[in-house]
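A.B. asks: One-letter residues, chain by chain:
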Amino acid sequence: DAKTTQPPSMDCAEGRAANLPCNHSTISGNEYVYWYRQIHSQGPQYIIHGLKNNETNEMASLIITEDRKSSTLILPHATLRDTAVYYCIATTDSWGKFQFGAGTQVVVTP
Amino acid sequence: EPEVTQTPSHQVTQMGQEVILRCVPISNHLYFYWYRQILGQKVEFLVSFYNNEISEKSEIFDDQFSVERPDGSNFTLKIRSTKLEDSAMYFCASSAFLGQGAYEQYFGPGTRLTVT
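These protein sequences, in sequence, are chains A and B. Under the working numbering, think of the first position of the first sequence as 1, with each following residue one higher. Under the working numbering, think of the first position of the second sequence as 1001, with each following residue one higher.
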């Protein structure tokens, strides 16, 4: 699995877009990038995943650079409920195992 | 929306006792996992389970741990003789294989295990 690097913390104003970066410079060609978040001590919540192309769903957008060495998760209109630890994971494990890092603590302020 | 459920939400046990943590994965998922998170630390992978067998396990998952899918719906984690350091939040997850190496994994709310 590729090592991922995320900033330890970020603040975001409510209603603004939150752009969360992730560096995965050693990613291999078949490794997917997954984003999860964990609100307080709840179970990690799936947000989005991608391989090469940018992806969008009802929660967020995922922008992957052309060289795939980094990605950005975009929460288009952050709300207070988006305050959480966000994890970026790059993996192609045969059985779907995820290795979580420390993630980015995002605090959305009014 | 389908979800992974776990029981109990909180379990307190004495050191040396056996505990069984229970999970009901999402019904059409075929891949099952246990993770744990010690307070203030990272989420750690314990074990993955597919086709009634362990497919991968971490160094944490030693002989004190076992997993089972006793029927078509439940997935359990047993700790035979609990230690103080087993105190953690235990998360069950289940996954669908989306093809081409992609998984969509969903986590349960967790069981907080406190060993005294």
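Among these hints, one or two may not hold up.
Cross-link-like lysine-lysine pairs, in silico, BS3-like; alpha carbons within 30 Å at most [said to hold, decoys possible]:
id: 1; chain 1: A; residue 1: 3; chain 2: A; residue 2: 52
id: 2; chain 1: B; residue 1: 1078; chain 2: B; residue 2: 1042
id: 3; chain 1: A; residue 1: 52; chain 2: B; residue 2: 1078
id: 4; chain 1: B; residue 1: 1078; chain 2: B; residue 2: 1057
id: 5; chain 1: A; residue 1: 3; chain 2: B; residue 2: 1057
id: 6; chain 1: B; residue 1: 1042; chain 2: A; residue 2: 52
id: 7; chain 1: A; residue 1: 52; chain 2: A; residue 2: 69
id: 8; chain 1: A; residue 1: 69; chain 2: B; residue 2: 1042
id: 9; chain 1: B; residue 1: 1057; chain 2: A; residue 2: 69
Simulated DEER-style distance windows between Cβ atoms [stated by the list, open to error]:
id: 10; chain 1: A; residue 1: 101; chain 2: B; residue 2: 1104; range: 17 to 23 Å
id: 11; chain 1: A; residue 1: 11; chain 2: B; residue 2: 1040; range: 19 to 25 Å
id: 12; chain 1: B; residue 1: 1007; chain 2: A; residue 2: 56; range: 15 to 21 Å
id: 13; chain 1: A; residue 1: 16; chain 2: B; residue 2: 1063; range: 48 to 54 Å
id: 14; chain 1: A; residue 1: 42; chain 2: B; residue 2: 1022; range: 16 to 22 Å
id: 15; chain 1: B; residue 1: 1040; chain 2: A; residue 2: 17; range: 26 to 32 Å
id: 16; chain 1: A; residue 1: 69; chain 2: B; residue 2: 1016; range: 44 to 50 Å
If you're looking for bench data, these hints aren't it; they were derived computationally from the structure. Beta carbons: idealized from backbone N, C-alpha and C, even for Gly.
A.B. asks: Look at each hint and say if it fits the structure.
C.D. replies: These are the hints, each one checked on the structure:
Taken as a hint, the residue 3 of chain A and residue 52 of chain A pair is honoured in the structure, with Cα atoms around 17 Å apart against an allowance of 30 Å. Proposed proximity of residue 1078 of chain B and residue 1042 of chain B is supported: the alpha carbons are some 21 Å apart, at most 30 Å. Distance restraint check for residue 52 of chain A and residue 1078 of chain B: the Cα-Cα separation of roughly 39 Å exceeds the 30 Å cut-off, and the hinted pair is therefore not satisfied. For a cut-off of 30 Å, the pair hint linking residue 1078 of chain B to residue 1057 of chain B stands: about 14 Å separates their Cα positions.
Between residue 3 of chain A and residue 1057 of chain B, the direct Cα distance comes to roughly 20 Å. Compliance with the 30 Å bound is thereby established for this hinted pair. Under the criterion of a C-alpha separation no larger than 30 Å, the hint pairing residue 1042 of chain B with residue 52 of chain A is consistent with the structure, at around 27 Å. For a cut-off of 30 Å, the pair hint linking residue 52 of chain A to residue 69 of chain A stands: about 10 Å separates their Cα positions. Restraint check for residue 69 of chain A and residue 1042 of chain B: the C-alpha separation of about 23 Å stays at or below 30 Å, so the hint holds.
Taken as a hint, the residue 1057 of chain B and residue 69 of chain A pair is honoured in the structure, with Cα atoms around 28 Å apart against an allowance of 30 Å. Distance hint check: the CB atoms of residue 101 of chain A and residue 1104 of chain B are about 20 Å apart, consistent with the given range 17 to 23 Å. Separation of residue 11 of chain A from residue 1040 of chain B is about 21 Å and conforms to the stated range, judged on CB atoms against 19 to 25 Å. The supplied range of 15 to 21 Å is broken by residue 1007 of chain B and residue 56 of chain A, whose beta-carbon atoms lie about 35 Å from each other.
With their beta carbons about 51 Å apart, residue 16 of chain A and residue 1063 of chain B fall inside the hinted range of 48 to 54 Å. A C-beta distance of roughly 18 Å is found between residue 42 of chain A and residue 1022 of chain B, which places it inside the suggested range of 16 to 22 Å. For the pair residue 1040 of chain B and residue 17 of chain A, the beta carbons lie near 30 Å from each other, so the given range of 26 to 32 Å is met. About 49 Å separates the C-beta atoms of residue 69 of chain A and residue 1016 of chain B, a value consistent with the hinted range of 44 to 50 Å.
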